Amino acid sequence: MTAAVARPDLHGLMAEYDTPEQVLAAAEAARKAGFQQMDAYTPHPVEGMDDALGLRPTGLGYAVLAAGIFGAVVGYFMQWYSAVVFYPLNIGGRPLYDWPTYTVITFEVTVLLAAFTAVLYMLARSGLPRPYHPVFNAPGFERASRDGYFLCLEAADPRFDPGATRTFLEGTGPVNVVEVVR
Amino acid sequence: MAVVTGAPRKVVETNRVIAPGQTSGGIDDVVNTPVLVGPLRTPTWWWLLFGVSLGLLGIYLIAIVRLVTVGVGIFGNNQPVSWAMPIINFVWWIGIGHAGTLISAALLLFRQPWRTSINRFAEAMTIFAVVCAGLYPILHLGRPWVFYWLMPYPNTFGLWPNFRSPLTWDMFAITAYATVSLLFWFVGLIPDLATLRDSAKSRFQKLIYGALALGWNGSARAWQRYSRAYLLLAAISFPLVLSVHSTIAMDFAVSQVPGWNNTIMPPYFVAGAVFAGFAMVLLLAIPLRRAFGFEHLITMRHLDNAAKLLLGTGLIVVYGYGVEIFYAWYSGVEFEVFMAYNRVLGSDHAWAFWALIACNLVAIQPLWFRRVRQTPWALFVISIFVSIGMWLERYVIIVVSLTKDFLPSSWGNYVPTFWDWALYAGSFGLFGTLFLIFLRLLPAIATTEMKEFAHHDAHHGSDAYEAIREAYYRGEVRA
Numbered sequence: 001m002t003a004a005v006a007r008p009d010l011h012g013l014m015a016e017y018d019t020p021e022q023v024l025a026a027a028e029a030a031r032k033a034g035f036q037q038m039d040a041y042t043p044h045p046v047e048g049m050d051d052a053l054g055l056r057p058t059g060l061g062y063a064v065l066a067a068g069i070f071g072a073v074v075g076y077f078m079q080w081y082s083a084v085v086f087y088p089l090n091i092g093g094r095p096l097y098d099w100p101t102y103t104v105i106t107f108e109v110t111v112l113l114a115a116f117t118a119v120l121y122m123l124a125r126s127g128l129p130r131p132y133h134p135v136f137n138a139p140g141f142e143r144a145s146r147d148g149y150f151l152c153l154e155a156a157d158p159r160f161d162p163g164a165t166r167t168f169l170e171g172t173g174p175v176n177v178v179e180v181v182r
Numbered sequence: 001m002a003v004v005t006g007a008p009r010k011v012v013e014t015n016r017v018i019a020p021g022q023t024s025g026g027i028d029d030v031v032n033t034p035v036l037v038g039p040l041r042t043p044t045w046w047w048l049l050f051g052v053s054l055g056l057l058g059i060y061l062i063a064i065v066r067l068v069t070v071g072v073g074i075f076g077n078n079q080p081v082s083w084a085m086p087i088i089n090f091v092w093w094i095g096i097g098h099a100g101t102l103i104s105a106a107l108l109l110f111r112q113p114w115r116t117s118i119n120r121f122a123e124a125m126t127i128f129a130v131v132c133a134g135l136y137p138i139l140h141l142g143r144p145w146v147f148y149w150l151m152p153y154p155n156t157f158g159l160w161p162n163f164r165s166p167l168t169w170d171m172f173a174i175t176a177y178a179t180v181s182l183l184f185w186f187v188g189l190i191p192d193l194a195t196l197r198d199s200a201k202s203r204f205q206k207l208i209y210g211a212l213a214l215g216w217n218g219s220a221r222a223w224q225r226y227s228r229a230y231l232l233l234a235a236i237s238f239p240l241v242l243s244v245h246s247t248i249a250m251d252f253a254v255s256q257v258p259g260w261n262n263t264i265m266p267p268y269f270v271a272g273a274v275f276a277g278f279a280m281v282l283l284l285a286i287p288l289r290r291a292f293g294f295e296h297l298i299t300m301r302h303l304d305n306a307a308k309l310l311l312g313t314g315l316i317v318v319y320g321y322g323v324e325i326f327y328a329w330y331s332g333v334e335f336e337v338f339m340a341y342n343r344v345l346g347s348d349h350a351w352a353f354w355a356l357i358a359c360n361l362v363a364i365q366p367l368w369f370r371r372v373r374q375t376p377w378a379l380f381v382i383s384i385f386v387s388i389g390m391w392l393e394r395y396v397i398i399v400v401s402l403t404k405d406f407l408p409s410s411w412g413n414y415v416p417t418f419w420d421w422a423l424y425a426g427s428f429g430l431f432g433t434l435f436l437i438f439l440r441l442l443p444a445i446a447t448t449e450m451k452e453f454a455h456h457d458a459h460h461g462s463d464a465y466e467a468i469r470e471a472y473y474r475g476e477v478r479a
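Going line by line, the protein sequences match chains A and B.
Here our numbering is used: the first sequence runs in plain steps of one and ends on residue 182.
Here our numbering is used: the second sequence runs in plain steps of one and ends on residue 479.
Simulated from the structure, these hints should not be mistaken for laboratory data.
Some clues are possibly wrong.
Partial chain A-side listing against chain B, Cβ under 8 angstroms, derived [as the list claims (entries may be wrong)]:
no. : residue
1   : A72
2   : V73
3   : F86
4   : A118
5   : R130
6   : S145
7   : R166
Quantities reported herein were computed from a predicted structural model and do not represent experimental measurements.
The beta-carbon is built from N, C-alpha and C at its ideal position, and this holds for glycine as well.
Hey, can you work out the whole structure from these sequences and the hints?
What follows is the structure, given as structure tokens:
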């Protein structure tokens, strides 16, 4: 029996804490208790939360690196192709293949693609923009952007049980524990 | 006053990066309340400044209409001074922008916690200054409506831009800079917009800030990618900002004009940009902290540090003036020697050089004294001098070099026209209008980062160190 079957409208149980240290400790405890489907919602990034929740490192850095290299190649190729192959301009008899003058634009295209990739990857992998998310239904969740620190254990987790999970969360010293309905 | 009306406000001046005892809720309230109040509770000073800015913006638009209908002949530039006020103002504005990126990117990478209080409005300053700057070369083209010919795009002429031209580099550098600055600024704003969404009272505000916040909920997974993306954007922006003013310097350095063809130009331009930019940061921060009651968030430490950077970069710039003269002599080229002589002692424009020395060398010397660095009105006055000085620097480099270059028969003078001044005055209107709208609708301080920092400062900050530092400055402890 899983809770998700019993309560299809239940997203999970949300505990609110006063300090980042408390939510960090609670997340750590939940991971040690075997929970996997959970997330913390905090007004600012909490140091150590990735490890506490057992999150894998993000691949964002590799995506940005790849985009940067791609941008450098494209930027350089564009200039070489235009200046040497497609549209050669004789300027004071200087060589057409003139790499030092390509460096600035190569750099700018690199930067532009890397920056866009960083932002779009961050948004896309985080599922943003997303106007609706069940956690916004939790009473008092508006404090998650102000001074409340939340931990949500989700009903999709195989270990989730409405009664036992609530007892577990209440043992971690929260301000309160509420149900999150979809 | 936006936050408190009536009773006099208690001003907390401190030398710490943030006054002790700040709570997350307290920071949110003081920063977000002036943003979220209804239109009728907008402070009077805002309306006054907004009216002045709109007036200047009107002058700007009239000047542009005049420019488009009549042509670039309305400006005073002609041969031999073909680059004059439009390019001076372009370089001046874009230089101002550099401090914002430096604060948000370089100081983040160098782990300088004092950046947190000032990065948001400094980045806004950057973006609006780049807008003001970027319009100048376009307006200066003569046919501004075909500015996109500078970009490589598939066109029926089968033409490509000349990628060996510094002007094409410039176009790429400024476009990339404007775009990346905007991305960086917006990414920083996302969590703050979510805070505004959650504390907004009216449905309209909730809707607008909610849409802009993109559904941010502060999940740890999102924070993980967010923090990494923000760090990488900083790492990308730092070399970018150095490249932008270097590229602008190459517009000059790659040419053969005496006074322009000089290898020191890129680093010297970058230092000048940071110098001018920190002056503008101070010009904005000093009234801002008073108007919004941010004295406990933008503290004396910020003013002091910005003043130190002003002094440091100012001395680098003055070193650049020295090197230019030395280089003219050392090159042995008679045109260069004459340029240096004409710049410093010539009959027409020596006033500009000596006024520049007065503004950029003499006026910053009081900053060696801590008492001056901690006196807001003194910093404000010095920053005005620096802003004028940096404008004069570009005047000296651009105009004075061009008036007398090689052949005496082709020498000529330059006098700005009414429309030159109108477009310059009007650009302040554009900047002011954008900045005031920003102050009214978005939080001027990055609340999310401030909360993180305030928590860190309260729990892991070194109180002992700060206490010794305060005592030292009060003269109770000797180093």
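Okay, the hints, checked on the actual structure:
1. A72: Given a least distance of 13 angstroms, the restraint on A:A72 is violated.
2. V73: Violated, about 15 angstroms.
3. F86: holds (7 angstroms)
4. A118: With a minimum Cβ separation of about 4 angstroms from chain B (threshold 8 angstroms), the hint on A:A118 holds.
5. R130: Constraint on A:R130 satisfied, holds at 4 angstroms.
6. S145: With Cβ-Cβ at 4 angstroms, under 8 angstroms, it holds.
7. R166: violated (21 angstroms)
Checked against the numbered hints above, the structure breaks hints 1, 2, 7 and satisfies the rest.
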